[in-house]
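Asks: Construct all of the structure, not just a fragment, from the sequences and the given hints.
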Amino acid sequence: MLSNLLVTKQKLVLVIDKLNRERIAPKFIGSLLHEQGQGTETIKALPTGVSLKLVATFEALLSECANQNNNNNTPAGEAGDLDAGTPGSGAGKPAGFNVILPTLADLLCYQSPAFIFGFLNRLRRSEHVRRVFLWASPQHLQHPHAEYILAGCEYLAELVLRLETDKQLSLISRKPGGGVTNRRFACQISKTEFQVTPLDEGQPAGASPKQSSPEAEQTPEPASSTFKIELDEDEVVARNALTLPYERTSEPTEGNIIYTPDADDDFDEEDPDEDLCI
113 MLSNLLVTKQ KLVLVIDKLN RERIAPKFIG SLLHEQGQGT ETIKALPTGV SLKLVATFEA
173 LLSECANQNN NNNTPAGEAG DLDAGTPGSG AGKPAGFNVI LPTLADLLCY QSPAFIFGFL
233 NRLRRSEHVR RVFLWASPQH LQHPHAEYIL AGCEYLAELV LRLETDKQLS LISRKPGGGV
293 TNRRFACQIS KTEFQVTPLD EGQPAGASPK QSSPEAEQTP EPASSTFKIE LDEDEVVARN
353 ALTLPYERTS EPTEGNIIYT PDADDDFDEE DPDEDLCI
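Everything in the sequence shown is counted per our numbering, starting at 113 for the first residue and increasing by one.
Any given hint could be a false lead.
[Claimed, not checked] Using C-beta positions, here's what the derived DEER-type ranges look like:
(1) R236 <-> A168: 19 to 25 Å
(2) E345 <-> K287: 50 to 56 Å
(3) E345 <-> P250: 54 to 60 Å
(4) P288 <-> F229: 18 to 24 Å
(5) T293 <-> E347: 39 to 45 Å
(6) Q307 <-> A178: 36 to 42 Å
(7) R351 <-> G290: 33 to 39 Å
FYI, nobody ran anything at the bench for these hints, they're computed from the structure. Keep in mind the model is a prediction, meaning the values are calculated, not measured. Glycine residues also receive a C-beta, built at the ideal position from the N, C-alpha and C atoms.
Replies: Okay, here's the thing in structure tokens:
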């Protein structure tokens, strides 16, 4: 299910919708959270409309998350929450709230990009917020710098879901250690669930990878490749007939040494030390 991929430990989730389905965004994200056991009491949402023009609306959301999270009467974290029961979370406190923001197009109608980036960063740093969901449809962004604003949101997001077509989507996941994974999925929508299948692995998400056979590992080289290891028969014959420079030898030739003695040379072998005046 798609909820297995989106409701994870990544805190800021950005959905880039190329299918223009902004009207179903809150309901769609809420259904994903419910599939993973997140109750309604763990979900917070900003109001839409003119109220987004007031800074107090955003401050009220942060205060509400902090106050309810610190209240001992707040329901405990749901069984499906990945961090419920982790060290540092109280027995009667949830691990944090799931915040569903209005669409990026709505936010840009009332607030500046700098304010939106700052608010996203505050949500990321808040210990009372477990996950943040932001929906963006590039076709609905009317800001003159919409392309750069969307790129900035991608930079802040730890999980980016792209709804490319009705049957295909991609998912970019950034881990705290700096690792990045980029996967593509085929999707199939039914009345009860959103089923996805990895395109690179050919099996449902969450399934263990199959062991590849030795025959499958020895795949033929692509035709477009310009690098070849194997040699054909003619190339083997030409290689064996080639004589390398260090293998070349020259035929031995007979040579004579001619020496002309000087006048002072002494070849008297009877007394070789006579000229030493000993």
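Asks: Could you run down the list of hints and mark each one as holding or not?
Replies: Going down the list of hints, with the structure as the test:
1. R236 <-> A168: 19 to 25 Å: holds (21 Å)
2. E345 <-> K287: 50 to 56 Å: holds (51 Å)
3. E345 <-> P250: 54 to 60 Å: holds (57 Å)
4. P288 <-> F229: 18 to 24 Å: Holds - the Cβ-Cβ distance for P288 and F229, about 20 Å, lies within 18 to 24 Å.
5. T293 <-> E347: 39 to 45 Å: holds (42 Å)
6. Q307 <-> A178: 36 to 42 Å: The hinted range 36 to 42 Å holds for Q307 and A178, with Cβ atoms some 37 Å apart.
7. R351 <-> G290: 33 to 39 Å: violated (47 Å)
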